[in-house]
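From just these sequences and the hints, can you work out the full model?
Each chain, letter by letter, is given below.
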Amino acid sequence: MKTLYVLLSLATISTSVALAAPEMPAGDTPDPYRDLVIKTEGGLEVTTTDGEFSLELGGRILADAAIYDEDKNALGNGSELRDLRLDLEGRLYADFIYEFSVDFADGEADVKDAWFAYDAVYPWKFSVGHFKEPFSLEELTSKRYLTFMERALPNELAPGRSIGIGAHWSGQRVTFAAGFFGDDYNDDADDEGDEGWGISSRLTFAPWAEERSALHLGVAAGFRRLDDEEEVRFDTRPESHITDIRYLDTGKLEQSRSIALLGLEGAWVTGPFSLQGEWMQAKVERDTGTEPTFDGWYLQASWFLTGESRRYKQDAAKFGRIRPLSEHGALEAAARFSSLDLNDGEIEGGSSDNLTLGLNWYINRQIRLMANAIFVDNDRFADADGDVEAEDEPTIIQLRAQVDF
Amino acid sequence: MKTLYVLLSLATISTSVALAAPEMPAGDTPDPYRDLVIKTEGGLEVTTTDGEFSLELGGRILADAAIYDEDKNALGNGSELRDLRLDLEGRLYADFIYEFSVDFADGEADVKDAWFAYDAVYPWKFSVGHFKEPFSLEELTSKRYLTFMERALPNELAPGRSIGIGAHWSGQRVTFAAGFFGDDYNDDADDEGDEGWGISSRLTFAPWAEERSALHLGVAAGFRRLDDEEEVRFDTRPESHITDIRYLDTGKLEQSRSIALLGLEGAWVTGPFSLQGEWMQAKVERDTGTEPTFDGWYLQASWFLTGESRRYKQDAAKFGRIRPLSEHGALEAAARFSSLDLNDGEIEGGSSDNLTLGLNWYINRQIRLMANAIFVDNDRFADADGDVEAEDEPTIIQLRAQVDF
Amino acid sequence: MKTLYVLLSLATISTSVALAAPEMPAGDTPDPYRDLVIKTEGGLEVTTTDGEFSLELGGRILADAAIYDEDKNALGNGSELRDLRLDLEGRLYADFIYEFSVDFADGEADVKDAWFAYDAVYPWKFSVGHFKEPFSLEELTSKRYLTFMERALPNELAPGRSIGIGAHWSGQRVTFAAGFFGDDYNDDADDEGDEGWGISSRLTFAPWAEERSALHLGVAAGFRRLDDEEEVRFDTRPESHITDIRYLDTGKLEQSRSIALLGLEGAWVTGPFSLQGEWMQAKVERDTGTEPTFDGWYLQASWFLTGESRRYKQDAAKFGRIRPLSEHGALEAAARFSSLDLNDGEIEGGSSDNLTLGLNWYINRQIRLMANAIFVDNDRFADADGDVEAEDEPTIIQLRAQVDF
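Residue numbers (this note's numbering), protein chains in the order written: chain U, 102 to 506; chain B, 102 to 506; chain P, 102 to 506.
You may find that some hints are simply not true.
As the list claims (entries may be wrong) - Partial list, derived from the structure: chain P residues whose beta carbon lies under 10 Å from chain U: (1) Ile139; (2) Leu158; (3) Arg161; (4) Asp165; (5) Phe205; (6) Ala206; (7) Glu209; (8) Thr391; (9) Arg466; (10) Ala502.
As the list claims (entries may be wrong) - Straight-line alpha carbon distances no greater than 20 Å define the calculated EDC-like cross-link-like pairs of lysine to aspartate or glutamate that follow: (11) U:Lys213 - B:Glu209; (12) B:Lys173 - P:Asp329; (13) B:Lys353 - B:Glu153; (14) P:Lys213 - U:Glu209; (15) B:Lys353 - B:Glu209; (16) P:Lys213 - B:Asp188; (17) U:Lys213 - P:Asp207; (18) U:Lys173 - B:Glu293; (19) U:Lys213 - P:Glu209; (20) P:Lys213 - B:Glu209; (21) B:Lys213 - U:Glu209; (22) P:Lys353 - P:Asp396; (23) B:Lys213 - U:Asp136; (24) U:Lys173 - B:Asp329; (25) B:Lys353 - B:Asp188.
Since the hints were made in silico from the structure, they are not lab data. Glycine included, each C-beta is placed from N, C-alpha and C at the ideal position.
This is the structure we're talking about:
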């Protein structure tokens, strides 16, 4: 009976000739009798049993609240939807995969992943579309799986998503990714100047990467030629998104031709304990002959009180979903120190240190409650380019309810 | 054979080990052999047979046209998409439900429901995210199931959706809901002032609630502390959405600290006939010491010529989908009188009465055509805060084609 | 065994009584035991075996890059997401179909198809909502299936999508479509003036329409009463979307009451070779007594080096998806000459000729790479209404990566 079970489950959900016929004549005809595997864990996954075609429909809702223990400046207690994302992923003709992801949290349609890739030449993957440039472990890890509510301060230097083409190579211990990119989907140079472009590359090495034990080392480099406006601006909030105050702000650096990026990454997982840290630097080449250089770093430690491990995905060289061991979920305590310095010579963008204490309750694989306490320490230039008082030292309490499906 | 049928239908659509394995190790492992029930009635429903996981994908399209028999002011005949909504709902790990709903009708991404809830402690449900504050029978009933094309004038006083947390308790005859909320997802106080917040609560009692016979009584109260700008504005169109003229408009009431809301509801269904009415009041507390108070009410009657009943859902204390008895659909005639008075003391926001006659043809459960005739009677202060002529008395004819799936 | 296969595949994916019961009492009850056919080719199709209900979920990603060999004006090299579209289609109660389609490529929610239709009276179809007015073969053909990356210059004169009602009749060789429309979903007259409205109609005749051989002839006419602002403006880019320069631009033609449209279409497919051409004209009726008249035309030829044929869909009188014959995909070479003249009398909107050479690689049915070279020849009035230099003759190279699922 068990055998029959399995046979049937593989055999029966098939596409009928009647329906499929008008769409499938000669050529590289998909077999109309293709069997399917269908699964829901809140979202939906449909896969042909031969794995050649698939569709996955899902999304996420992140609802946040923040209370600011203000020091010199008003920051504005409040609530927001941090993410409200719809995701479609799939596979076509065995050799192609795609992802389609849009975020609606702020009432607009903020395009996230929108790309497809050819992955038939193992272990290569070639991508085209709008996706994350290969730079920074924390940037590449989905916000769903991050230990803290917001990425660390130096993330302002990471390039994030752009439109481009990329290649990814993934070996037993080593991964390498590189790409050539235009600007982000919604950037457009004024007055019909040319768009900027950039190249990014990342090399990682994992001496070991087991279920509950891993060591990750990485280095990344990038170069970006700015668009014809030749302006660049680095500015960032403290590690809290509800306020709009961006203490650190270089203002527009005009006559800027290009940016060179450098990043170093490391992560170590041993049982319930993990460490992770990054350092990154952006050097701006200006027509004025100066080269303002900004850098930042963070170091974080996390400990699962309930015994789980952070899950390192070696092939993608980033972290993945936490799976609670108990039916009461998983509990994680964590701390992070991060620092970003946007001062260099005459550029007084400010410098800030953020210390964050975090507590996460993974109720199940898809629902998580988070609490962060952030202690901000700004220097005398951290004045939002003159808009607020400097040397502000607020404390922030923020909460998140997260579901992804 | 029938038995085999059923056995197979329960057994065969299962998730394969091969596929599920990499996603499902130890812990509160969802059974990879979980059987599914899949259904389409235009949209898609996928549910595990144990009911622990599910996904529902659907949406709605509402296309409207309006012709204005103008009196003193131009209102602008025209057409619009009133709703164009995508909906995802689901259940996770038996105990959690979520809803994800965005409206694209006006070319932006207007976030509607975006929440998840824990509903494992019967008869409680605890919600977090962006959802409707518990206030007003008509506001809580989906626009798909409303008798008229637009909600009644006093709906301007109802709080609608905000980001917050809520609890819902549902007994045999009584329901109680309450919540604590920040502002709506896209509201943000200027200049980093604190967001507003509010509490809402609703208590309903249904002495009887059967298939074709129900009596509903309810009372709701709310309090809202305004954000740091301390401004509030009540303004509303006549019961027609295509025009942009908001005859009733208090203008910005500055130095306003808070609003107290009170609402009374009643509905009676007996066979094809039903009555429904509400009264609600908003009292504004101002720093000036005054307390401008606005109120409105409506009363509506509906009669299904084809014998159907409005469907009262006792557990949610609101109305649901109409199911035509005949294959030619259901025909409903209805009338509503509504009134809103935004005048109080020195505040001259205007007062208006709208009489609406409506005819609905429910072609089937998911498609409906609607026609409304609205007779508007504005007082001498109903001048859109000075922008249009007062004492306007236009007549409006409007039509809707609605599908939801 | 084969028989068992088929029996089971038809029988087993059924809806359970348990689940369906609370949603399905008397009336036009959908059978809860309805069998389903489920299919994925990257997207998802779910259909009841009786064909009465269905849902199709899909989308598309189009990523473009353009390099401008500039002549007199800067055009701005760059990249963009050209389309990022989510699509839901379905059937309800056998007799109704709907389509729900939104594009997110530019960071907003640009509504595309949003309509439903009654198609139970063969061969009629009656539609309501937001859909394409019946005018122009190229406009009505999905961008996914067009031979070139952008529609030809005269497409500026075609009405595109509006909110309205329409009827479509489709016989053996002849199709006829007509509709009455308001404005596009996001148009709204200023100052509460009335919206514009229009009628469009299209008649096509296919003396033969076989798998690899077809002849299509068509004529279309339209009339549009402009809204109360009485302004119309025709302006268009060269056949490239990344630049924002619209060389051809009549400026706002004020005191314009209405537009009369006329279009002629032809297409001929014989094996791998095809020709297609259109001519269209817009005549503006102005209160000034003048009748500025603009027209344009294009002619294109396409040749499948790998032997496929363009697929003419006789019932819809437009072109459909290409199905590669080989597993290495299909290769198509094509050329188009197009011309649009927006000069008439005192209106000097400019005139332009674009010659395009195109090469398409259909890797499979759903993935396509495109390359276009466009040679632009503008006249002395093609100055973007005074914003750029006239008589510009740039050459454009543009590339597209396209997936639809």
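Q. Hints broken by the structure, by number, lowest first?
A. Hints 8, 13, 15, 23, 25 not satisfied by this model.
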